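Participant: The primary structure of each chain is shown beneath.
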Amino acid sequence: MIAARISLAAAALFAGITTAAAMDTAPNDVMVVDGVVAKSLTGAPGDVAEGRKAFANRKLGNCLACHANSDMSEQLFHGEVGPSLDGVASRWSEEELRAIVVNSKAVFGEQTVMPGFYSLEVGQNVREDLVGKTILTAEQVESIVAYLGTLK
Amino acid sequence: MKNRIILAAAAAVAASGMAISVVSAEPADDELVIDGEMTMVTRTAAPKDHPLDEVMSGWLFRTPETRALEADSFQNPGMLYVERGEEIWNTVEGEAGKSCASCHGDASETMAGVGTAYPKWDADAKRPINLELQINKCRENNLKAEAYKFDAAEQKALTTYIKHQSLGKPVQMDLSQGDLQSWWKKGEELYYTRTGQLNLSCASCHEENNGKYIRADHLSQGNVNGFPTYRLKQANMVSLHNRFRGCIRDTRAEYPAAFSDELMALEVYVTWRGTGLSVETPAVRQ
Chain A
679 MIAARISLAA
689 AALFAGITTA
699 AAMDTAPNDV
709 MVVDGVVAKS
719 LTGAPGDVAE
729 GRKAFANRKL
739 GNCLACHANS
749 DMSEQLFHGE
759 VGPSLDGVAS
769 RWSEEELRAI
779 VVNSKAVFGE
789 QTVMPGFYSL
799 EVGQNVREDL
809 VGKTILTAEQ
819 VESIVAYLGT
829 LK
Chain B
1413 MKNRIILAAA
1423 AAVAASGMAI
1433 SVVSAEPADD
1443 ELVIDGEMTM
1453 VTRTAAPKDH
1463 PLDEVMSGWL
1473 FRTPETRALE
1483 ADSFQNPGML
1493 YVERGEEIWN
1503 TVEGEAGKSC
1513 ASCHGDASET
1523 MAGVGTAYPK
1533 WDADAKRPIN
1543 LELQINKCRE
1553 NNLKAEAYKF
1563 DAAEQKALTT
1573 YIKHQSLGKP
1583 VQMDLSQGDL
1593 QSWWKKGEEL
1603 YYTRTGQLNL
1613 SCASCHEENN
1623 GKYIRADHLS
1633 QGNVNGFPTY
1643 RLKQANMVSL
1653 HNRFRGCIRD
1663 TRAEYPAAFS
1673 DELMALEVYV
1683 TWRGTGLSVE
1693 TPAVRQ
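Protein sequence lines correspond, in order, to chains A and B. Quick note, the numbering used here runs 678 ahead of the 1-based positions in the first sequence. Quick note, the numbering used here runs 1412 ahead of the 1-based positions in the second sequence.
These are computed hints drawn from the structure, not numbers from a lab. Check each hint, because a few of them may be wrong.
[Said to hold, decoys possible] Label pairs and their calculated CB-CB ranges:
no., chain 1, residue 1, chain 2, residue 2, range
1, A, Ala704, B, Ala1529, 50 to 56 Å
2, A, Asn706, B, Ala1529, 46 to 52 Å
3, A, Met750, B, Gly1688, 39 to 45 Å
All of these numbers come straight from a predicted model, not from anything done at the bench. Yeah, the Cβ is synthetic: ideal placement off N, Cα and C, and Gly gets one too.
Could you put together the complete structure from these sequences and hints?
Facilitator: Pasting the structure below:
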């Protein structure tokens, strides 16, 4: 009985992994080459509407903490630590935007204050429950990249 | 007393309401004069070897409403804690049957200027101590009372009271004491160390980006001359090590214990960065 229950649980866990993340490129396997990440991290295009939400969400991208974005005038507070992202898709290609979100330091250099959202090159003493985890999932990165693509 | 609390609450609402119509991210071009009498130094030339040219009080980065609260000691909610601290100062506690006043008398005379000079080197402990730890030392050795736990209400009130006796006097620590230099060095290193999943250092926010908004927060230089400060958001006094821990936590890092070597080194270094600013305790921040 107990054994059956455990294997059931294991099966459920495995099923969860295969549907959500098994196709994703793992953070340490993502290569930023010449400032681009050429392929989608999930193998599929991102969802623009989801990306727009993740961009503003303080627990996810929280991109608004540092970047103003006129497309989000419904949000009260826009930060100024980074440049405004108005028209960002005319300055950078999709592949470049993906690289910036994945690991900005591989594009702008070590000194940038922008966090790497799909990178395990992080600061010291990472909160215990976050060790080995990236800020965003591959799917969330792709959604944000898709959303950035609309900011022409 | 009740009146004062209501006034403060109303101002807090006004202050958060104001942030919506923010137009300029520059520090305010304003002068802090407490009760129309005491002019505070909120900008001054940086000490030698400081990475910035000018050091500025966090007061300059707050909204007009928050600034006004601090300028009026009747409206400043932190003044309630000063009053509470005075009571504690005069209260006998512990087996020795003494109060702080038994040894130190009138704090407005004996403690004037004391708050400008911490952290100091403690020859017994062979490490720097801040005002909270000095209070604990007196409690244990002289009052024969228990040390306060970190952030006990009494610890915050008494620290606020003692610091307040230096209101308007410039922060001026003496780095030649004991081994303070090496603690300063360690603090400097920590100030530039990136922590947490967000991979940010104190300098990322307070040196490189002061004057800018990070979402709704106007980043200051992160100076410590107003601590303990009254925070409208928490409707309470906030100690310095609590603030340090909050900032470190915001980088999604584990944070060091209060009064640990790490936070004491940081206090030594960050206090030095604000050399020459007036002690503002109790400052008001949002």
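Participant: Hints first: check each against the structure and report whether it holds.
Facilitator: Hint check:
1. Remark: the range hint 50 to 56 Å for A/Ala704 to B/Ala1529 is upheld by a beta-carbon distance near 53 Å.
2. About 50 Å separates the C-beta atoms of A/Asn706 and B/Ala1529, a value consistent with the hinted range of 46 to 52 Å.
3. Between A/Met750 and B/Gly1688 the C-beta distance comes to about 41 Å, which sits within the given range of 39 to 45 Å.
In this structure, every one of the numbered hints holds.
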